[in-house]
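Peer 1: Let chain A serve as the given structure and place chain B on it in line with the hints.
If you're matching them up, the sequences are chains A and B in order. Per numbering that gives the first Met the number 0, the first sequence starts with residue 0, numbered consecutively. Per numbering that gives the first Met the number 0, the second sequence starts with residue 0, numbered consecutively.
Check before you lean on any hint, since a few could be wrong.
Here are some chain B residues pointing at chain A (derived, C-beta under 7 Å) [claimed, not checked]:
hint : residue
1    : 16
2    : 24
3    : 38
4    : 41
5    : 42
6    : 62
7    : 129
8    : 133
These aren't lab readings, by the way, just hints derived from the structure by calculation. Even for Gly, the Cβ is constructed at its ideal location relative to N, Cα and C.
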Amino acid sequence: MGEVKKVRTVCRNCHGGCGVIAHVRDGKVVKVEGDPESPISHGTLCSKGLAVTQLAYHPDRILYPMKNTGKGWERITWDEALDTVAQKFRAVMNEYGPESIVIGQGTGRDYESHLYRFANLLGTPNVLTAGHMCYVSRIGATLITCGNLPISDWNGDPRCILMWACNPQWTNPDEHKGVDFWRAYKKGNKLIVIDPRKGFLAKKADLWLQLRPGTDAALAMGFLNVIIEEELYDEEFVDKHVNGWDAFVDRVRNYPIDKVEEITWVKQDLIRKAARMYATIKPACLNWGVPTEQTLNCTDCTRILTGLMAITGNLDAPGGNAFFVPPQVRTVSEFSRHRDLPKEQVKKRLGGDVYKLASRVALITPKVAWDAILTEKPYPLKAGLLCGTNPVSTRANAAEAYAALNKLDFLAVIDFFLTPTAELADIFLPAGTWLEQNHVADNWKRHGYVLARQKAVEIGECRQDHEIFMELGKKMGQEKEWWDTVEDALDYLLEPTGLTWEQFKEKGYLKGEQVYYKYKEKGFSTPTGKVELYSSVLEKWGRDPLPKYTEMPESPVSRPDLLADYPYILNAGLRTPTFFHSANRMIPWLREIRPDPIVEIHPETAKKHGIVDGQWIFITSPRGRVKERAKLNDGIDPRVVVAEHGWWYPEIKDPGHGWDISNINLLTDNSHESMDPVMGATNLRVLLCNIAPCEDEQEGSR
Amino acid sequence: MKKVSLMFFKKDCMGCHACEVACKQEHGLGIGPRLVRVIEKAPDYLPVHCHHCTKAPCIASCPTEAIFRNELGVVLIDEERCIGCKSCMEACPFGAMQFDDEKEIAMKCDLCVGRLANDEAPACSLVCPTQCIFYGDTRKLLEKLDKDLFQ
Numbered sequence: 000m001g002e003v004k005k006v007r008t009v010c011r012n013c014h015g016g017c018g019v020i021a022h023v024r025d026g027k028v029v030k031v032e033g034d035p036e037s038p039i040s041h042g043t044l045c046s047k048g049l050a051v052t053q054l055a056y057h058p059d060r061i062l063y064p065m066k067n068t069g070k071g072w073e074r075i076t077w078d079e080a081l082d083t084v085a086q087k088f089r090a091v092m093n094e095y096g097p098e099s100i101v102i103g104q105g106t107g108r109d110y111e112s113h114l115y116r117f118a119n120l121l122g123t124p125n126v127l128t129a130g131h132m133c134y135v136s137r138i139g140a141t142l143i144t145c146g147n148l149p150i151s152d153w154n155g156d157p158r159c160i161l162m163w164a165c166n167p168q169w170t171n172p173d174e175h176k177g178v179d180f181w182r183a184y185k186k187g188n189k190l191i192v193i194d195p196r197k198g199f200l201a202k203k204a205d206l207w208l209q210l211r212p213g214t215d216a217a218l219a220m221g222f223l224n225v226i227i228e229e230e231l232y233d234e235e236f237v238d239k240h241v242n243g244w245d246a247f248v249d250r251v252r253n254y255p256i257d258k259v260e261e262i263t264w265v266k267q268d269l270i271r272k273a274a275r276m277y278a279t280i281k282p283a284c285l286n287w288g289v290p291t292e293q294t295l296n297c298t299d300c301t302r303i304l305t306g307l308m309a310i311t312g313n314l315d316a317p318g319g320n321a322f323f324v325p326p327q328v329r330t331v332s333e334f335s336r337h338r339d340l341p342k343e344q345v346k347k348r349l350g351g352d353v354y355k356l357a358s359r360v361a362l363i364t365p366k367v368a369w370d371a372i373l374t375e376k377p378y379p380l381k382a383g384l385l386c387g388t389n390p391v392s393t394r395a396n397a398a399e400a401y402a403a404l405n406k407l408d409f410l411a412v413i414d415f416f417l418t419p420t421a422e423l424a425d426i427f428l429p430a431g432t433w434l435e436q437n438h439v440a441d442n443w444k445r446h447g448y449v450l451a452r453q454k455a456v457e458i459g460e461c462r463q464d465h466e467i468f469m470e471l472g473k474k475m476g477q478e479k480e481w482w483d484t485v486e487d488a489l490d491y492l493l494e495p496t497g498l499t500w501e502q503f504k505e506k507g508y509l510k511g512e513q514v515y516y517k518y519k520e521k522g523f524s525t526p527t528g529k530v531e532l533y534s535s536v537l538e539k540w541g542r543d544p545l546p547k548y549t550e551m552p553e554s555p556v557s558r559p560d561l562l563a564d565y566p567y568i569l570n571a572g573l574r575t576p577t578f579f580h581s582a583n584r585m586i587p588w589l590r591e592i593r594p595d596p597i598v599e600i601h602p603e604t605a606k607k608h609g610i611v612d613g614q615w616i617f618i619t620s621p622r623g624r625v626k627e628r629a630k631l632n633d634g635i636d637p638r639v640v641v642a643e644h645g646w647w648y649p650e651i652k653d654p655g656h657g658w659d660i661s662n663i664n665l666l667t668d669n670s671h672e673s674m675d676p677v678m679g680a681t682n683l684r685v686l687l688c689n690i691a692p693c694e695d696e697q698e699g700s701r
Numbered sequence: 000m001k002k003v004s005l006m007f008f009k010k011d012c013m014g015c016h017a018c019e020v021a022c023k024q025e026h027g028l029g030i031g032p033r034l035v036r037v038i039e040k041a042p043d044y045l046p047v048h049c050h051h052c053t054k055a056p057c058i059a060s061c062p063t064e065a066i067f068r069n070e071l072g073v074v075l076i077d078e079e080r081c082i083g084c085k086s087c088m089e090a091c092p093f094g095a096m097q098f099d100d101e102k103e104i105a106m107k108c109d110l111c112v113g114r115l116a117n118d119e120a121p122a123c124s125l126v127c128p129t130q131c132i133f134y135g136d137t138r139k140l141l142e143k144l145d146k147d148l149f150q
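Isolated chain A (complex conformation):
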């Protein structure tokens, strides 16, 4: 056995960012440890990152390119694989135009720079990402409201933490990780938790507001009402830096506290207490999670919460919600070459005339892609390239996603495993894990850091995603726009810092020089230079310039007619720390911890249906039926059922891999009426359902 070499790198089992020391012996990673010098994770590492050796060396992992012969998968060379993709894409471009090719990715995985560069140079405006309902939607809504994404400044010592629909220690891996939150909390600072489910943080909180799922925007309006009525806002900030204050105040008055109590189920005294606490303790930071985005209130809810940060004087304040200054690296946006997508192609972006905010951040909502594939309107999508995404598990109305991807004339997939989505492809391109890549990581996040993710090993014929886009680009006539090697491209990214990739690797990370209160000199980067609580952009688009709460399209309030058959609110998409969306179900260490999909039911509710703890049950919505294993939890409202998302069964070897057994998105809706009107955010969270025990043994097994 050879010596152990230690490689300092950065995890990406989720969005990534945690520092890792990889132990390499004889060309194989034998162990990973947290990097104590990491400014993001401070030596800790989660179960997913710690299990990376079981991911990288998994027996089912695909280590070479393959083609789908119709009778099964067959190994081919990289040349044949990339030539096939290029040839198919060229044929579609000649017949239909580049817009008939859809390029897609899932959650942020540090290759959007390369994916977008490839798509823009190809000339397709149709890039499909998770961004319509996750993070990018937040960026879009804050861009038009205050010019940038405000991030919790944990290290600035927030004295009050308003944790809104987020559990950063379990799952929310944007920017900073749960460790920095925990350090801030442990200094003895106040904690307010907004969560329909009593979790660890709700237990720790000074105040816990258990709201009806999907009513976040109304609750935030309640906060604003108290703060405005009791004059707890920062008058100077409002006078100088808010656009449309009077109109905004009028809108807020539409949400008197008794009405908010009725909508949200949260007692008005508690709302008052929480609003006072958040508004009067300085500095205070508001840390939000994706449930605020994954409904039709996406843009408005983000805007209302931004309003809370702004009028309490916590925007760009130390210990509040800061606009972090990035290091001088070339931005993802510049690398992506968005400006080189011809204007006439931008105009062809699917749904771009309706979902204008999505179009502004250069993406499409899946619904318009599925429509274009299935109905060929407004024009057909014929071919696709999907990277690190499993839409048949993770997108609303999974049945439609499956049908659409199945109908594409040609589909190529970049992934580690043959997922249910990859099984629908014609060409499989094997991606390298984070242990197999060199990259300037975290450049897309807004926490002021970039991190050196450096290659520890190479496995099989796998290539890092960035290289795949680069080599495919070269095959598609983009030779002059790419580099010889992945590292040459990194030198270009790093150029403004004066560092080469080799030098950056040695440093490990770069941090921007943080300056607070930048608006005092420069104003906010919005058309009026102010925080646009009254949005001039939305007004120009013919939309309501003021934010509001819209009732969920399928709730006890909006659809009382459904209550006889579907009496419960399904709070879908519960995240767990061992999995990341639909990933990791094949990792033995992680699956042992969570062998089955869990649906949480209040003990009283379970009793009514004769359901016992641990029993398999059916969950039905007006659109379908799936099964998960019941877990009784008295920390949820008896009217609410909470179910995990992302489940498929890699151990089922037929090509469907059980994608339709426990897939909560067979129950969700993606009709245009159910989506955010400007962002196209799908409602992955709140709908009506019923539950019933699986009666016989066959039903009760997978």
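Peer 2: Below, chain B without anything else, positioned relative to chain A:
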């Protein structure tokens, strides 16, 4: 030699299971034995682990004297001597004893003795995001816990 201990401040365990995977990796374990594990009953999470008890029932229960304590106070199993009778599993009040189905012998937390020899802390204690796992000199640890956590 000074005695060492591993302690969990259970109130701060938030059920991320990182300690479990760190342990599996360190000991090269597959599915089966879980030398540390976290039981979930939201909002409570209960880490189950070996306390290396001062009066260890597992040691007392072992008919072949396969379980012993080393000079650091760590309770260990001599694999050669274990006959797989599971008496220790019955005896342990914490449910910390595990069983290796392949070797058909008992298994338990060894406090990462290999790491301790290199002056490294047990693997689980390093990854915990809430720092609810403490390792160190037993006497000092008790003083620290008393001061930091209970006052």
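Peer 1: Would you list, in rising numerical order, the hints stated earlier that this structure does not obey?
Peer 2: 3, 6 and 8
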